[in-house]
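Just so you know, the sequences run in chain order A and B.
Position 16 of the first sequence, counting from 1, maps to 16 under this note's numbering, and the rest follow consecutively.
Position 113 of the second sequence, counting from 1, maps to 113 under this note's numbering, and the rest follow consecutively.
In case anyone wonders, no lab produced these hints; they're calculated from the structure.
Check the hints yourself; a few may be wrong.
Mimicking EDC-like on lysine to aspartate or glutamate, the simulated pairs with C-alpha atoms at most 20 Å apart in a straight line are [to be verified]: (1) B:K11 with B:E110; (2) A:K106 with A:E14; (3) A:K96 with B:D56; (4) A:K3 with B:E44; (5) A:K96 with B:E44; (6) A:K96 with B:E68; (7) B:K57 with B:E68; (8) A:K106 with A:E45; (9) B:K15 with B:E85; (10) A:K106 with A:D82; (11) A:K106 with A:D31; (12) A:K106 with A:E11.
Which stretches of chain A does chain B cover? Using the computed rule of at least three CB atoms under 8 Å from a CB of chain B, they are [as the list claims (entries may be wrong)]: (13) 37–48; (14) 99–106.
For each residue, glycine too, the CB sits at the ideal point set by N, CA and C.
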Amino acid sequence: DAKTTQPNSMESNEEEPVHLPCNHSTISGTDYIHWYRQLPSQGPEYVIHGLTSNVNNRMASLAIAEDRKSSTLILHRATLRDAAVYYCIPNSGTYKYIFGTGTRLKVLA
Amino acid sequence: GAGVSQSPSNKVTEKGKDVELRCDPISGHTALYWYRQSLGQGLEFLIYFQGNSAPDKSGLPSDRFSAERTGGSVSTLTIQRTQQEDSAVYLCASSPVGTRSSGNTIYFGEGSWLTVV
C-alpha cells in the first residue's frame, strides 16, 4: 500500500470549512483513497472514499488530484463534534488497512 | 446490537496474567479484524478472519497473542503472560466481505482498553 503524508494537526473555527490534505505520491492506479476518522475514546469510523472523481456524501467531500498523488478531505462547516483524528488510507484491495498517525483536527468555538 | 460489540470495555490486569478480549461483529459480516492502538499511536493490524479461510495472523506481535473465531461470528483475542507493553486499546472491526473490492467499509467497535500493571 502507498505511503501517506498528512499534517500532524490542524485547527479550524466552528462553522467554517476545513480542508485536510493528504499526499500519497506512490499510490497505484487501482488504489482507492479511503478516509476514516477517530473521535476521542472511540474506534475509527468511515467518512468517504473515492478512486478518481471527486466524491460527496452527507459527511464530507473528497477532492482527488488529477494525478492522484494527493487528495483533500473537505468538511464544509466544521462543528465541535468534528474534532477527531482523520486518517487518509490508500488501499489496494487488501484487508490490511494502514492507518498511520493521521491529522488531529481541533475545532475552535 | 447494530454495531460491533466488544467486551470488556476496560480491563486492568497484573503482569503475567492471561486476558481474553471478546468481539461480536455485525450480524452477517464475514470479515473480522483485530487492531491494537497504543497511547498516541496509529492503529496496528493484528489479525484478520474471512469466512472459513485460514486467518492472516501476520500482525500478531508475539506467540503470546492468539485469536480464534468460532462459528464464523464471535472472536476472542487472548494475550498470555501479559506484559506492560501490551497496554493499549484493542479494536475489533468487521466488514460484509473481505476488502479486496477496495471500496468496502469496515466498522469498528469502541475497543477494549487494557492496562497491565
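Okay, the hints, checked on the actual structure:
Our distance criterion of 20 Å between C-alpha atoms is met by B:K11 and B:E110, whose separation comes to about 14 Å. With a C-alpha separation of about 10 Å, the suggested pair A:K106 and A:E14 falls inside the 20 Å cut-off, and the hint holds. Taking the CA atoms of A:K96 and B:D56, the gap is about 10 Å. The hint holds against a cut of 20 Å. Our distance criterion of 20 Å between C-alpha atoms is met by A:K3 and B:E44, whose separation comes to about 15 Å.
As the CA atoms of A:K96 and B:E44 are separated by approximately 9 Å, the hinted pair is consistent with the 20 Å bound. With a CA separation close to 18 Å, the supplied pair A:K96 and B:E68 stays within the 20 Å bound. With a C-alpha separation of about 10 Å, the suggested pair B:K57 and B:E68 falls inside the 20 Å cut-off, and the hint holds. A threshold of 20 Å between alpha carbons decides the hint, and for A:K106 with A:E45 the separation of about 17 Å falls inside it, so the pair holds.
A distance of roughly 10 Å separates the Cα atoms of B:K15 and B:E85; the hinted pair therefore holds under the 20 Å criterion. Between A:K106 and A:D82 the CA atoms are separated by roughly 8 Å; this keeps the pair inside 20 Å, and the hint holds. Pair hint A:K106 plus A:D31 does not hold up; C-alpha atoms about 29 Å apart against a cutoff of 20 Å. Of the supplied pair hints, the one linking A:K106 and A:E11 holds, its CA atoms being roughly 5 Å apart against a limit of 20 Å.
Taking a C-beta to C-beta cut-off of 8 Å, the stretch 37–48 of chain A contributes 6 residues in contact with chain B, enough for the three needed, and the coverage statement holds. With a cut-off of 8 Å between beta carbons, the stretch 99–106 of chain A has 4 residues touching chain B; three or more are needed, and the interface restraint holds.
Going down the numbered hints, you'll see the structure goes against just number 11.
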